[in-house]
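Trainee: Here are the chains, one letter per residue:
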Amino acid sequence: MKKIFLPVFIFSAFAGSAQTDIDAIMMEKNAFCTGPLYSYSSWTNYWEGTLKRDNQNLGKVSTQMFGLMGNYGLTRKVNLLFSAPYVKTKASAGTLHSMNGMQDLNLFVKWRPYQKRVGAGRLSLFGIAGISFPLSNYVADFLPLSIGLRSKTASARIMADYQQGNLFVTGSATYVLRDNIKIDRTSYYTTEMHYTNEVEMPDASSFNFRAGFRNHRLIAEAVVNNWTTLGGFDITRNNMPFPSNRMNATTVGINIKYVIPAIPQLSIVTGGNSTVAGRNMGQSTTVYGSFFYVLGLGSKTKLTGKPAKK
Amino acid sequence: MKKIIIIPVIITASTLLFFISCNKQVEGRTDNTPALNPANVDLNAGTWKPILLTGPAEFPVPAPIATTSPDYIAQINEIKTWQADLTGEEKQIVKYWSAGAVLRWNEILRELVSKHNLPPFQNADGSYPFPSANNPLAYPQFPFANPPYAARAYAYVAAAQYDALVAAWHYKNLYNRPAPYTVDATLQVLIPKSTLSSYPSEDAVVAGAAAEMMKLLFPGDQDYINQKLEEHERARLIAGANVRSDLEAGEALGKAVAQKFVTRARGDRAGAAASNQAQWTQMETDALARGETPWYSLELPKRPPMLPLFGKVKAFLFDSLTAISLRPGPPPSVSSQQMRTETEEVYNYIKNPTRENTRIVHYWADGVGTYTPPGHWDAIAAEDFIAKNFSEVRWARNMALLNMALMDAGIVCWDTKYFYFNPRPTQLNPAIKTLTGIPNFPAYISGHSTFSGAAATILGHIIPEKATAYDAMAREASVSRLVGGIHYRSDCEVGLLVGKNVGNYAILRAIADGAE
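Same order as they appear, the protein sequences are chains W and Y.
The letter at position 123 of the first sequence is residue 123 when you use the working numbering, and the numbering goes up by one with no holes.
The letter at position 248 of the second sequence is residue 558 when you use the working numbering, and the numbering goes up by one with no holes.
With the rest of the complex left out, here is chain Y (with noise of 0.2 Å):
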């Protein structure tokens, strides 16, 4: 009788200790990356061609102080004062934002993205209310970080960057002040050692820049993005790579740079991409004028469409023109044969879905509270960058190059589905549920595609050896769309053709800005 009562016990106490000696604590993939190292400092960056800029001194940076001078010496002290008694959250910061200031900003933007990527609640009446940029705080705040919206985000602050970068370039080999740990041998230095000049720092320019675009693209978030600026900066005093004066010439060269895409920002048409009514039942018009249906919003209340003048918009790669003859012929007619036959097959995918098709959908779908696609390839992108070792100003130039590609794709996709106007599978066949939330805006072309169509090709050309593998992701990207009950074949296939066309133009960028 003892033996029995015994077993329970046993069997509770060690389950209980199974559970309570598991770490329950998650760690993120970036969370340990080393601190940048990079093969090749890249020493001619200040050369390469610039994005918005018209030259590498377009926004002067006053010579630094003599290393020799009072001044400087005191700030040597600064930082010894710093190191004297280094607590552990310190040497934290130090961890973290060594890994690298463009990866550490994109990853900050991407989390501003997800936190913003809500669509507004309706109002009483069915309508919806617009986030304002001039009451950012108040519901529903602004942005809404759609897919658009975040594309563009992601653009700016990486060219803002990569050009605030380029000038630092410059400006390190024209004055060439030394690292404060060669100028005082006897500073403790918490990350590799660099060759390069430190004057201007290239963590603050990086900083800078991202803190002076992002004001405008979220106005709410300042006290957030400021307390990461600080905290970016304190790192680089704390670890002894950078006195006061590197940092703060880094700050105001990384802000002047992105005064200027801010102003490009705020005329490149995004202001007015949301439209209005009258536009929005024009599209209608003109589709049930070329005999087709015309798209409605599948939501309840009925939404607004997502951004229909977004394929306005200015792009970063092409001009205007370009822009609309990378449009692509329409879809299959609502009526045809053809349009039947994509439907059922849409249908025949959501039937009976696989746990597989679940997986890839779910992968992929980068729906409302995360990221976006353009979002999801620039961590792709970094966790591949982190292994190459690239310098700031390459990684900067990478991630510029993606992300131009990304927008301007956008750009094009939105273009063509407000021409086309075109409805989604659900609206021709009801009984096509789908695994994931379904997007408030025309079909053709599927956005995932293009996206992934254009980042797949850039970064092919940035990493040859995983050109293979990139496309692969593209190409699951794409019919994650598909089998999700989200979109057509057409949709799917046209919309990769198309990001590759337009992820080419990144590709004669990069061939010609003089860093390869």
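Just chain W, with the same shape it has in the complex (with noise of 0.2 Å):
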């Protein structure tokens, strides 16, 4: 009956690679481009603060996420992106019963201030503004099983990227705000006593690094993401998780976005990524799949995903 989160909440480290907030990919003006997420994680081990440990009662912990992602080009230079993502989770053992729901909104204004050739390539410079809240009242203290911690977030990335031909490289960090949450109980316990439903949520940070070959019909790359709870407590032993643990996660992922020759609006999108370090959370296994359609992608517009040819 012990449990542990996964990171159902670093929404945009399954995303991978179609024109997400944390890729260097950009919409045109007055383009949109949207389509459906799914994605399925799971994970048997996890880390009980830093013991990695299994558990019985709990088999393989499963979350399914059916997403709606989108992206509109205010400008070349200010996109505006969006994700809604329901979730369902599920243990193969032990009695707890699975969950379900829409989880948070994810908004995000995307900048590029800067972009020039640098060398024999083209440095583009971001600022990525975020803000999520939760779409549903769903229960954020039944750790594993919980579809999200449904605290309200503000994040603020910066993120370079560097392209030469056909080959990329991006960058970012990320800071998260994270605003208290309520629970449904009168008190807990933490590393001290609590008589309040409500849970100071410490912030966190994120870095991610991407890098691989990208033209206007083929993006394959490989992603290391980290996350990083600045705070919260250690899951005692054999105890139960708490959303203001201090949760952390390496992942290491690849991604594959590819055009439709025949279809250019039409992309289909594929990924996943596994756990590779962590602590408080479960040692995740990620696949994903998505497609993506382009809307007013008239003959002005284009993606801005290959090099600028001057």
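To be clear, the hints were calculated from the coordinates, so they are not data collected in a lab.
Note that CB positions come from ideal geometry on N, CA and C, so glycine has one too.
Any given hint could turn out to be false.
[What the hints assert, rightly or not] Computed footprint of chain Y on chain W, listed as stretches where at least three residues anywhere in the stretch have a Cβ under 8 Å from a Cβ of chain Y: (1) 83 to 96; (2) 113 to 125; (3) 232 to 238.
[What the hints assert, rightly or not] Rough simulated footprint, nothing fancy, chain Y against chain W, three-plus residues with beta-carbon under 8 Å: (4) 178 to 185; (5) 266 to 273.
Given two chains presented individually in distinct reference frames, assemble the corresponding complex, making use of the accompanying hints.
Mentor: In structure tokens:
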């Protein structure tokens, strides 16, 4: 009956390479790209604090996500993005009930203030701001089967991308402010007693590094992502996890995006990642698939995923 | 173009500002409780009926030194030295402790229960280790403060505090030593003044009794407990409420009275409650002999049942024969139509649980890592007692009544559980998934319901205007186990009833203890 959370809240870490808040791809002015996303994530081992263990009373904990994502080009330098996931969790063993529901709406503004030729390639700099908030009154305090943590967040990210020919590297750093949450019980114990239903949620930071091949038809990249909770406490021995645990995870994965030659508005996206290090989280493996359709892609607009030719 | 660049900057800046301006500091519900200033100091409480003491003077308290003596004046000067240079932290501890000694020690006890309410992790061979009181810091740490353990801990601490305060009130009236601020009008007083005699200090009595009792119950947390004891007494000095000799006499009295409860606790059969494999097997065999399906652990690997012989523990409110007489009749037979119907009802509740039902389940779950259902009822009571402005001795008396009822409810409930050894709904239908962790003991009768029935009954007597509200809370706590997939309706309804019967014994005591 011991449980552990899995990183459904790092939505963008799943979402890979398709015009997301964490890649260097921008939509042209007035173009709108949208599509559904499905991901499946599961783990049998987790980190109780820093101790890796399994739990026969959970078996394999799985999370399915059905998301809708979109990206609108306000200008070629300013894009607006959203994602809205429906999440379903399940434990293969034990008696704990599965959970499902609409999770958090994520909204981002992605701004590219700088783009110049540097050396043989092109350097782009980005600033990304995001907010997220729950779309339903889902339960946060039922980890690891909760579908999310309920915390309203505001995030700020700086990102740099360098592309030379068909090869690119992108790096970003994010700070996530997390608001306190309310839970259904009237007290809880962390490393001390709290006689309140309000839980102080520590902020978090995230680093993302991706590199690979990118042209107007194909993107293939390797991604390393690190999520670090700046505070919080460790799950004690054989205890339940709690939303304000110090949850850290480092994942490595790949993403592939392919634009269908016959229908250039349509692209298919797939990828996966695996958790290589963590704390108070499941050692999850995730695969996902998606397709995106670009609306308003006129003769004057195009995806800017390939290097400018000057 | 410029304008467009400005948009994201504004959005970013304003969202960041919004969050930064939010204060993340979380305030506890009793953090700002005002200083206790009872409307009635219960001057005659020295005549109230104690629980274990033969009389209020069973443990002697020496006469205090005269307030004109140089030694006393030196003790007044000690207070003045503290007060000359008060730090923010010192003001904070005065504020914290002045809310009430029984309140704060009850909260500390709830904290230790929460900290220790963790089932041990299994051994490599699938067996489970048991905590050892002789080696409390080795894994698994002692104690595993599960609901029966916790109920007993709350009861002993509250009862010891009550008896110690009855004795304290006796000596207060006997010696009638004025408070330091009455002796020396130039003293600052950081708490409401009291007309009560200050020797022995009621705060030190409560702290001493709690610390001594908790030494037995939480032997691995001595440093923490002693630090709280020291802080509590320091707060009283800083506040100008007591001189050191008030505190020393109070602590000694509290500890002496608690020793009597420690002796009782060592012989109350709780130490044998974990039982052994032969007895667990016997319970299984007995259930089979009755033609029933015996309970088995739904944990993997199968965990030994929780404290099977807790039902044999010596109750506070009645003797062992009465405890057995409070055991209800059997649950519906596992093979009966009624049991099939009740199992189906549980399944229907958890098939697609509503958010409101999930809220109720989690509100009352009080499972692993929490202060348990008895602790939840203490929390409910504490907040209402704050509003009632009870004197320390009445606080202790009411907490003792509540917690003796909770412990005795636990005894009757556990006796019933292991007498019938009835399976959980999930055992009869594995499709029944639960909205909270499933407890590792038989179903009939529901512990939450029994605890809640007892608590609501005695609290309704103590605060009659809230009797209907307490009854509604108990019903909600009870039904939370049904809609959470943990219990059948029979477990809950009979549990509530049995709890009420136990609670009535607490009322009988309340009527006769001289406090009403």
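Trainee: It remains to establish, for every hint, whether it holds in the given structure.
Mentor: The hints, checked one at a time:
1. Here's how the segment 83 to 96 of chain W fares: 4 of its residues keep a CB closer than 8 Å to some CB of chain Y, so the rule of at least three is met and the hint holds.
2. With 1 residues carrying a beta carbon less than 8 Å from a beta carbon of chain Y, the segment 113 to 125 of chain W misses the three-residue requirement, and the given coverage is violated.
3. Requiring three or more residues with a Cβ within less than 8 Å of a Cβ of chain Y, the coverage given for the segment 232 to 238 of chain W holds, as 3 such residues are present.
4. Closer than 8 Å: that is the beta-carbon criterion, and the segment 178 to 185 of chain W has 5 residues meeting it against chain Y, so the requirement of 3 holds.
5. A stretch counts as covered by a chain when three or more of its residues have a beta carbon under 8 Å from one of that chain; for the segment 266 to 273 of chain W and chain Y the count is 0, and the coverage is violated.
In terms of the numbered hints stated before, the structure departs from hints 2, 5, listed from lowest to highest.
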